[in-house]
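Undergrad: If you read the sequences in order, they're chains A and B.
Our numbering numbers the first residue of the first sequence as 80 and each following residue consecutively.
Our numbering numbers the first residue of the second sequence as 4 and each following residue consecutively.
It is worth saying that the hints were derived from the structure and are not from the lab.
Quick caveat, the model's predicted, so the values are computed rather than measured.
Among these hints, one or two may not hold up.
[Stated by the list, open to error] One side only, chain A facing chain B, incomplete, derived with CB under 7 Å:
1) Gly238
2) Arg340
3) Asn355
4) Ala363
C-beta: ideal position from N, C-alpha, C; glycine also.
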Amino acid sequence: MTELLEIQDLAVEFVTPIGRVQAVNGISYSVAEGEVVAVVGESGSGKSVSAQATLGLIPQPPGKITSGKIRFRGENLLELDDEAIRQVRGQRVAMIFQEPMTSLNPVLSIGRQLTEAMRLHLGLSKAEADARGIELLSLVGIPDPDRRLVQYPHQFSGGMRQRVMIAMALACEPELIIADEPTTALDVTIQAQILELMKDLSARLGVALIIITHNLGVVARYAHRVNVMYAGRIVERGNADAIYGNPAHPYTVGLLNSVPRMDKPRGSPLEPIPGNPPDPANLAPGCAFAPRCRFATERCVQEVPDFVELADGHAAACFEIEAVRREAAE
Amino acid sequence: MSVANEAVTETAAPLLEVRDLKTHFPVREGFLVFERTVGQVKAVDGVSFSVARGETLGLVGESGCGKTTIGRCILKLVEPTGGEIRFDGKDVSGLEGGELKDFRRRVQAVFQDPYSSLNPRMTVAEIVAEPLLVHGMDKEPGERSRHVAKLLNLCGLPGNIAERYPHEMSGGQRQRVGIARALALNPDFIICDEAVSALDVSIQAQIIRLLEDLREELGLTYLFIGHDLSVVRHICHRVAVMYLGRIVETAECDELFDNPKHPYTKALLEAVPIPDPKIEAERAHSFLAGEVPSPMNPPSGCVFHPRCQLAVAGCREESPELIEYGQGHWAACPRVSAG
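With the hints as extra help, turn the sequences into a complete structure.
TA: Laid out in structure tokens, this is it:
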């Protein structure tokens with residue numbers, strides 16, 4: 080597989096009244112053609128900011144990309160001017176946001192919003208774009224597409240709106256779709272429908288997918304490769320089987336032990352991670368997870384650990400991997 | 004715990020009993036003098052269940068199934084259209100004066116959103132002490148603040164948090180404050196309406212543990228309303244699944260998850276992803292098609308029939324009653340064996 084997107088050492092900060100907030104602190108990951116990659120983390124871990132940075136969607140100021148490269152087919156997106164990034168955004172790389180309620184314009188018809196990008200990027204005529212719009216709506220499973228095309232967002236349910244968002248993302252046949260919490264606002268049966276649709280389309284059309292989520296179940300069901308983020312850094316990366324079956328970072332271990340599982344009998348042990356996530360405006364010098372970590376030593380408080388390669392593509396940023404592994408083996 | 008509870012269910016009278024509860028909201032159109040009722044949303048349409056002392060009953064379903072409305076009816080925040088709610092043997096609709104006040108003390112709620120359910124202009128101490136003030140408890144000087152300090156400690160909050168405001172706290176801490184407030188009046192029954200849904204995974208587990216510890220320690224009874232089936236399986240003794248204003252299935256917790264009967268319950272369980280790629284790779288991913296119909300205009304007969312793979316002509320005509328398929332395991336579907 081050739082790498083489609085390569086993010087190298089990306090750092091993003093925001094200037095706020097309480098000081099500089101390091102939202103993303105030197106992360107690297109890559110996405111191969113047609114691959115489904117997950118970025119998992121809790122609120123404030125920087126997972127959404129890193130995705131927005133990829134498409135130049137960070138408002139500057141207050142945001143600022145302080146370092147890093149984002150290579151898309153070898154071309155550094157951060158060096159492109161506004162006009163050039165616009166050619167990439169919406170055409171070669173599309174984005175799906177969490178809130179299907181707020182990411183559609185309520186006063187424009189679905190058809191108008193769906194065909195805008197095609198007319199702009201592909202230079203289609205109105206009739207051609209409408210025909211393609213109808214095709215896309217039926218592709219994402221919206222019944223009665225020619226009637227639906229002239230309707231407005233309020234006439235669609237939440238699940239249907241998210242289908243429209245997916246149709247919009249697919250409109251210009253992108254090579255990569257970034258989906259930021261695409262199903263968080265939806266009910267569980269609708270969530271399953273939408274994710275299945277995305278996975279199916281991604282496989283059928285060969286589109287690569289970055290899923291940004293906090294839901295470990297969604298990741299297990301759909302992702303090939305996983306990046307776990309904590310306080311602006313990736314702390315563990317690897318293929319899904321390795322991350323779930325053989326986690327090495329204490330945060331990943333803690334997350335997996337603290338999520339209730341539907342396949343485990345009632346009252347199965349749940350081990351919460353003690354404490355709270357750190358304040359991103361006030362990060363300590365060492366490993367950000369150290370204050371909540373059972374394995375933390377003096378060194379963890381002083382230094383930020385580098386990645387340790389464990390197996391093919393599986394790596395964790397922790398000084399105490401040996402101790403974590405020993406405990407898991409017991 | 005669960006064994007003890009089964010015994011309790013059989014011997015003692017339930018703490019809460021809901022019988023044939025109906026809550027219909029009128030739908031109005033027009034303006035001022037031209038306003039008229041054009042229809043009804045049957046948010047809850049004939050629901051019966053009971054909760055034993057010390058038991059946790061889970062009420063699950065998707066948005067709009069009526070689970071929150073049931074909670075609001077029990078709290079007497081919404082007037083039911085029909086049916087009966089009995090708390091500790093007494094019909095709550097007839098409560099007045101001292102009895103009503105006592106009921107309000109004994110039944111408390113913890114809500115989903117710790118951001119909007121706490122008054123931003125009050126300190127934590129004021130928020131937790133407010134119910135005590137309203138009910139005229141702890142009148143001796145210093146008694147109230149000692150009680151508040153005890154409650155905060157019980158909910159795992161540091162003592163110095165008492166003088167802080169909600170915006171200075173994390174989501175998990177706010178939810179702990181909401182729980183401390185609910186416990187202030189020493190209640191018997193707590194309605195947890197999506198009480199852990201807005202929290203991050205690592206914090207959610209802490210709050211689940213807290214709710215479980217408090218249940219044990221204080222002998223609390225919970226009605227746990229939620230949409231996250233993994234959390235419900237973890238915390239509940241018994242579960243009722245709702246669809247479009249009705250209970251479609253109810254059973255002991257593990258029985259319901261291991262041996263679901265109703266086609267909707269089955270579909271719901273299949274849709275929930277399990278955080279293990281090996282298990283996910285082997286699960287059949289055939290998902291329920293379609294969406295929940297509008298409760299203003301529900302389908303005839305069994306409300307689930309338009310989405311149901313087992314549906315036959317009869318399902319369109321007749322609304323199925325709950326049928327007992329095993330001890331305490333009821334499902335509102337006569338076609339179960341066909342699945």
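Undergrad: A separate judgement is required for each hint: does it hold in the structure or not?
TA: We went through each hint and held it up to the structure:
Restraint check, glycine 238 (chain A) versus chain B: the minimum CB separation of about 6 Å is within 7 Å; hint holds. Taking 7 Å as the C-beta cut-off, the interface hint given for arginine 340 (chain A) holds, the closest approach to chain B being about 6 Å. Checking asparagine 355 (chain A) against chain B: minimum C-beta separation of about 5 Å stays under 7 Å; hint holds. Annotation: alanine 363 (chain A) was flagged as interfacial toward chain B, and the flag is violated, the nearest CB pair being 17 Å apart, outside 7 Å.
Hint 4 alone, counting from the list given before, is not met by this structure.
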